[in-house]
Amino acid sequence: MSNTPSTGEARTLKLTGVVKSFPGVRALDDVDLDISSGEVVALVGENGAGKSTLVKILAGVYEPDDGSVEIDGRTTRLHHPDEARAAGISVIHQHFSLVPVLSVAENMFLGREPRFGMSGLLRRGAMRREVTRLLDELELDVDADAPVESLTVGQRQMVEVGKAMLGQAWLIVMDEPTSALSNRERDQLYALIERLVERGVAILYISHKMEEIFHLASKAVVLRDGRHVGDVDLSATTEANLVEMMVGRQVGEVFPRTEAQAGEVVLRVDNLRDGGSLRDASFSVRSGEIVVLSGLMGSGRSEVLECVFGLSRFDGGRVEIAGEELESHSPQAVAARGVAFIPEDRHEAGIVPTMSTQHNLGLIWTRRHNKGGIVSPRAERTVAKSLIDRLNVRPPNPDSAVESLSGGNQQKIVLGKWLATDPKLLLLDEPTRGVDVGAKSEIHRLVGELKTRGVAILMVSSELPEVLGVADRIVVMHEGKSVAELGRGATEQEVMRHALGGVEESPVERSGNGTRKNTDSGDNSEVSEDAG
Amino acid sequence: MARLRDIRLGPNAARQAILLVTTCLIGLGFGLASPGFLSFGNFLNIGLQTAVISIIAFAMTCVIVAKGIDLSVGSTVAVAGVIGALALQAGWPPLLGLIVILLVGLGIGVLNGLLVTVIGVSPFIATLGTLALGRGASLSLSGASSIDVGQPLIVWFGSARVLGIPVSVIMSLLLLLCFWFLLNRTVFGRWVFAVGGNAGAARASTVPVRWTQFLTYLLTGIAAGVGSVITVGRLGSAQPLAGEGLEFAAITAVIVGGTKLSGGEGSIVSTFLGAALVGVITAGLSFLGVRQEITYIITGVLILLAVLTNQLGAIRPARWFGRSESGKARTGEAE
Numbered sequence: 415m416s417n418t419p420s421t422g423e424a425r426t427l428k429l430t431g432v433v434k435s436f437p438g439v440r441a442l443d444d445v446d447l448d449i450s451s452g453e454v455v456a457l458v459g460e461n462g463a464g465k466s467t468l469v470k471i472l473a474g475v476y477e478p479d480d481g482s483v484e485i486d487g488r489t490t491r492l493h494h495p496d497e498a499r500a501a502g503i504s505v506i507h508q509h510f511s512l513v514p515v516l517s518v519a520e521n522m523f524l525g526r527e528p529r530f531g532m533s534g535l536l537r538r539g540a541m542r543r544e545v546t547r548l549l550d551e552l553e554l555d556v557d558a559d560a561p562v563e564s565l566t567v568g569q570r571q572m573v574e575v576g577k578a579m580l581g582q583a584w585l586i587v588m589d590e591p592t593s594a595l596s597n598r599e600r601d602q603l604y605a606l607i608e609r610l611v612e613r614g615v616a617i618l619y620i621s622h623k624m625e626e627i628f629h630l631a632s633k634a635v636v637l638r639d640g641r642h643v644g645d646v647d648l649s650a651t652t653e654a655n656l657v658e659m660m661v662g663r664q665v666g667e668v669f670p671r672t673e674a675q676a677g678e679v680v681l682r683v684d685n686l687r688d689g690g691s692l693r694d695a696s697f698s699v700r701s702g703e704i705v706v707l708s709g710l711m712g713s714g715r716s717e718v719l720e721c722v723f724g725l726s727r728f729d730g731g732r733v734e735i736a737g738e739e740l741e742s743h744s745p746q747a748v749a750a751r752g753v754a755f756i757p758e759d760r761h762e763a764g765i766v767p768t769m770s771t772q773h774n775l776g777l778i779w780t781r782r783h784n785k786g787g788i789v790s791p792r793a794e795r796t797v798a799k800s801l802i803d804r805l806n807v808r809p810p811n812p813d814s815a816v817e818s819l820s821g822g823n824q825q826k827i828v829l830g831k832w833l834a835t836d837p838k839l840l841l842l843d844e845p846t847r848g849v850d851v852g853a854k855s856e857i858h859r860l861v862g863e864l865k866t867r868g869v870a871i872l873m874v875s876s877e878l879p880e881v882l883g884v885a886d887r888i889v890v891m892h893e894g895k896s897v898a899e900l901g902r903g904a905t906e907q908e909v910m911r912h913a914l915g916g917v918e919e920s921p922v923e924r925s926g927n928g929t930r931k932n933t934d935s936g937d938n939s940e941v942s943e944d945a946g
Numbered sequence: 007m008a009r010l011r012d013i014r015l016g017p018n019a020a021r022q023a024i025l026l027v028t029t030c031l032i033g034l035g036f037g038l039a040s041p042g043f044l045s046f047g048n049f050l051n052i053g054l055q056t057a058v059i060s061i062i063a064f065a066m067t068c069v070i071v072a073k074g075i076d077l078s079v080g081s082t083v084a085v086a087g088v089i090g091a092l093a094l095q096a097g098w099p100p101l102l103g104l105i106v107i108l109l110v111g112l113g114i115g116v117l118n119g120l121l122v123t124v125i126g127v128s129p130f131i132a133t134l135g136t137l138a139l140g141r142g143a144s145l146s147l148s149g150a151s152s153i154d155v156g157q158p159l160i161v162w163f164g165s166a167r168v169l170g171i172p173v174s175v176i177m178s179l180l181l182l183l184c185f186w187f188l189l190n191r192t193v194f195g196r197w198v199f200a201v202g203g204n205a206g207a208a209r210a211s212t213v214p215v216r217w218t219q220f221l222t223y224l225l226t227g228i229a230a231g232v233g234s235v236i237t238v239g240r241l242g243s244a245q246p247l248a249g250e251g252l253e254f255a256a257i258t259a260v261i262v263g264g265t266k267l268s269g270g271e272g273s274i275v276s277t278f279l280g281a282a283l284v285g286v287i288t289a290g291l292s293f294l295g296v297r298q299e300i301t302y303i304i305t306g307v308l309i310l311l312a313v314l315t316n317q318l319g320a321i322r323p324a325r326w327f328g329r330s331e332s333g334k335a336r337t338g339e340a341e
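Going line by line, the protein sequences match chains A and B.
Each residue of the first sequence is one higher than the one before, counting from 415 in my numbering.
Each residue of the second sequence is one higher than the one before, counting from 7 in my numbering.
It should be emphasised that the hints constitute simulated quantities derived from the structure, not laboratory data.
The structure displayed is predicted, hence computed values, not measured ones.
Simulated DEER-style distance windows between Cβ atoms: (1) Gly689(A) to Ile125(B): 21 to 27 Å; (2) Gly689(A) to Glu250(B): 49 to 55 Å; (3) Gly539(A) to Gly306(B): 44 to 50 Å; (4) Arg216(B) to Gly731(A): 25 to 31 Å; (5) Glu250(B) to Gly539(A): 47 to 53 Å; (6) Ser790(A) to Arg216(B): 22 to 28 Å; (7) Leu311(B) to Asp496(A): 34 to 40 Å.
Backbone N, C-alpha and C fix where the C-beta goes; we use that ideal spot for every residue, glycine too.
Isolated chain B, as found in the complex (with noise of 0.2 Å):
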């Protein structure tokens, strides 16, 4: 019993240090390929690439613990910018502008939350169908071209830098803390977990099940705002196919990063350096030149990695350990 209560006792921590390792070695290999990769600059570089798809993937950790998904996120982001885009050509002031690209974020994220939770549609098709929504929206309104943003206050968040590192980035290290801090150190991040890990069980605790779930989706409403003003600050436009495959980079985030799409597990921190990951493997092959249908391979194969280790962790303990524990299980059932 002693020697399982180890292994069991860090399956993040053992993973974290898998991915932060595993995340230095490319990245080394990647330096020794091209020199130039290994500079101070190009650390920014790979960081401002992913802070939109790690400060989204914070949110969809959250989602995928809670046994959810959203798929709306890449749409979210390219329609909550092109109202904002559009409320500022409009005249109105920075930052009304920005509560606006953040309040059409909430909006989606309280459609997704509400389809789910009281229509009770699936995830994954309620998603699906605000994807398609978001995603139509934003051309028509923005008649299929871009809108150009020049307001200062919000090329400032995707441009600007503090003490010479990128604002995005910094926004996104400290939604880390934050994220980490909600889902490890709150009564909400207990719901969360409890929720993902057994409906049942947190119904029968008292837990609020679709209110938890509900703000779920609330979360990544407002992490594809907030990504939105930083993708629309950095292109200083609104583009209406703005964050296309978002979804797929965050949810690949999540999953490199361990999170079981079955719910009830998962870390921030591990998505967080699932994100980096992903991140220097693909800044890396494009620095080296490589065509991006090439990436998309290899960042499939990636996946199909992490969720193969993901497997052999659980396969290994039930294997070894599995008698006692099973037969435990089956004297419930043989009653």
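One chain only, chain A, in its complex shape (with noise of 0.2 Å):
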């Protein structure tokens, strides 16, 4: 069994005019594609443009529904993630596809296992040699028969990679491969990645990060709202020309501002750490203001919320919610001073399927509005079908199952039953996340709404044009840390830069009487390699 990736021939994937369409939302609208062996594109855009959608459609998760897709020039339909797979289409996802228990060489091996004949009894042997032969070939420095388990994050990928080059792949995709790699094993992998180029494989490579993306490709493929804007020769083009094809949009009407007076300073956060990921946040929020955190995947913005709610406990700085310090930071405790929290993952941790639309909203009011531990239903119901009409969910049916509602309405019923309770605070992770534009500014109304009657809000959120829109200011947080505070006016690449975490201009002033500036604009590396 020859496991080398033909050498010879070139080969070429070409998609014209795609289309892919989910209820509510076009996730790609008439995209194109072109690579070929030997060479690295970058696949960019903000979170929401279409990446994920357009690898789904590589890897055949999912079929387009219109536009072609060709391999070597024939037209190729990819019903089935087998059928990429025995294209030679492999993708490498940030969560990797890996049994902790198996060895590395069973890993490569996983579902195509060398047999003695028709018999169920592994070649051992034989898939040893292989993976040995192989992983030498491409220089890495794993040890075949070490559990997945005992490796490092970075040592794992490279088996993704070995695996992938097992099954005879010439297209790798590679998703955001460098957001949990220390700068030492990144280096590795650009030395690994040259070397499969060298061999004929192509890359598809996604990444936010502007000095990965010039270093390693050669050409763009930039998303916008699910449309492709262009192809750019990075050779011929800036990052800031390219950060501005990437989010170049008028910031319109989804996002309706409300202006509101701001009052007293509702939560302030000094210093705040987790011992994790989350390294050092300072910030403030007042009544009637909406402060978003803005950042990279991965640089904290999350657990200052969880830390915020008491959801993870952080091991250093402080928390004061309207002036005062919680003996116990429990999310109860948080919640009974009138804190919200709306989680990042509505399956996860927002709704609960199983339960009508009148119990999900209910389920904290009923908390509060009991008699010795009894409930109403009839007083719930009553608070239900008020929030149904507020929130305009739809259908307005209390005793719907909430499992049968679409994203936006689900997420509008993990929103309702927070304001059931008429929260002073509320922690808003990725509020708008896999919800439809309609539904996206009817969350954005509500929330303007409660920053008007003095709420405060702080926000988590991805995507840029809703950052702008709604925030009053911008926390911008780089690998753990508070780096920037951007006013109201700050510009998508203003944003951007810091998020990246390179600060050439002048740093930016905090504003508020905030003390300390982060402005770690040199030694990065020291950082991410501790990270690692």
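Relying on the hints, combine the two individually framed chains into one complex.
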């Protein structure tokens, strides 16, 4: 069995006019993509631009509604992940698909193990030899017998690459491959990519990090709102141009802005750290104000909210709610102070799918409004109905099962169960992720309404237009630290620059009475080294 | 959307109607086969035999809705009875003996709860352990032989009748109401459903997840204690092997009632009807003189049937209405 990819003939993949819609969202609209052996193409765009959908089409998870997929000039349909794999396309996700308890060799051969004839007995020797040879060829410093759970994140990634090569892949899609790597591991990955390219492999590289894109890729395919903005020759453009192509859009009516009088400080966070990816965050939120935490994935934004709400422990710094530090910082104690938390993952921590709309909406309310632990179904129903009206939940039926509702309506219910408690501070983690434009604007209208009523709002969002559209102030996080605070009127480029950690211009002053400045423009390497 | 809503409206009601009709039809069938079956006396007999199973199945429903399981209930019935009987033998007053039985049940519930929620042992393993522990303790404490209990108070629970109806049947009906109220009308009941349906969401909604789970194990413990009082009272003695297979019978009733082991869904009334169905079938078969092993086989088939109808119910709406639903779920992933 030969497992070395063919280095001879050049192979090509060509997508033309690909369209993919989901109810309420056109995820991809007329997208072209062209990639051939031996090149690295970057796929760039904001979150929600359609990159993941495009990758899923390449991986055979989704089928395009329209447009064509051609491999080596022949029109192909990828109905199933197996067909994509057979066509030589391999996707390496941010979350690896390795089995921790199995060895490197076993993982690389998973699902296509060599056997003795028709028996189920594994040819372990052959597997090991094959894998060792491949690891040597790719100059990977990994032991074929080591269990995957003993490897570092960087090594696991190499195993994923090796697995793809063993499966005769000629096109490898890498989705944010360096997000969890130290700088040394990143350099090893760069070297590996170079070796793969020499062997005629094509790499579709997805990343938010400009330096990586410019370092590795020759061409960038830019997506924005599901549309193909264009292909860019990276040797003939600047970072600023590329960013502009990615974000160049009017922030429209999706984010209706309401004016409100900012009042007293409701939340003050000082030098917060959680011993993990959150390293040092400081900021404050006043009533009648929306503060948005911006930054790349993994920059510690969500961790800030979780610490504030008491879902995770912080091991350094202070959190003051309405001027007071809580003795016991548990979610119950925090919620009792009028804090509401809308978590990032609706399915994991937002809705209870098996419960009705009414019971979901009443989940927190009933705890505070009951007689000796007994719920009044009538009162609960009244509350649920008024929330359904206020949030415009469809269908407006308190008895409908929440799992049958659309994402936007589910999100309204997550919001609604907290609105029932009249919060003073609202923590929102990606409140509009995976929600269609209509529901998005409704959710923002509601948040705006709360703001005018004097609620303090702290929000995490990955969508820059959203950040700029709703924020009164933007706190930018980079590698677990709050590095900048931008006022209203900041540009996407400014936010991006801080989020990427590059501060070339004068450090931005913190507004308010913050005394400390974080301007770690210099020594990033050390930071990521111990983070990894 | 309106049609989807209508179907969704009463999954419990539909199942309960089916269970009720099935139970009646099977009862009628047995009545035709042997006329003596359809007598008031025989109904009471069935009630008597299923009383302990139902009581434990009610509590088991709470545990399973909260995504747990309690295998230890049968041996808890035995060990609580043995310890209570020993206390009575040592001359303790009857009321105290009764309280001892209930407290032992409660104690094993606490142990299960601690193992699951504090130490983090999986419910299946933890209660499998206490199952063996309880059986071993009841055998060794009793010297592997039964202990006579002649106390009228305890015998009253097992054997007396009020207005011609056995006390244990009355108790199981009262507990039906109590458990229904607990699950449907209290904050705790909401928590049980929320914890089983999505523990992460429950936690983010400040529901004390572990405390809720802990309390459900207390419920099965106490229910086993009550079951023990009735069992000892009916037999007039504490048997070290009492309650064997009771966990199987109780879980069968819960599953046949349509509660899902995946948590978050279930109903006390359905469990009661499930227990009634199993009770009628078991009684009818023994009335006809069918051997025990055949009864087991039929019970097994019944469980599989119940699970199968559950699956069909879940598959159908998904297939008919699935396109819009799963499409929307996918958009979430696609972001």
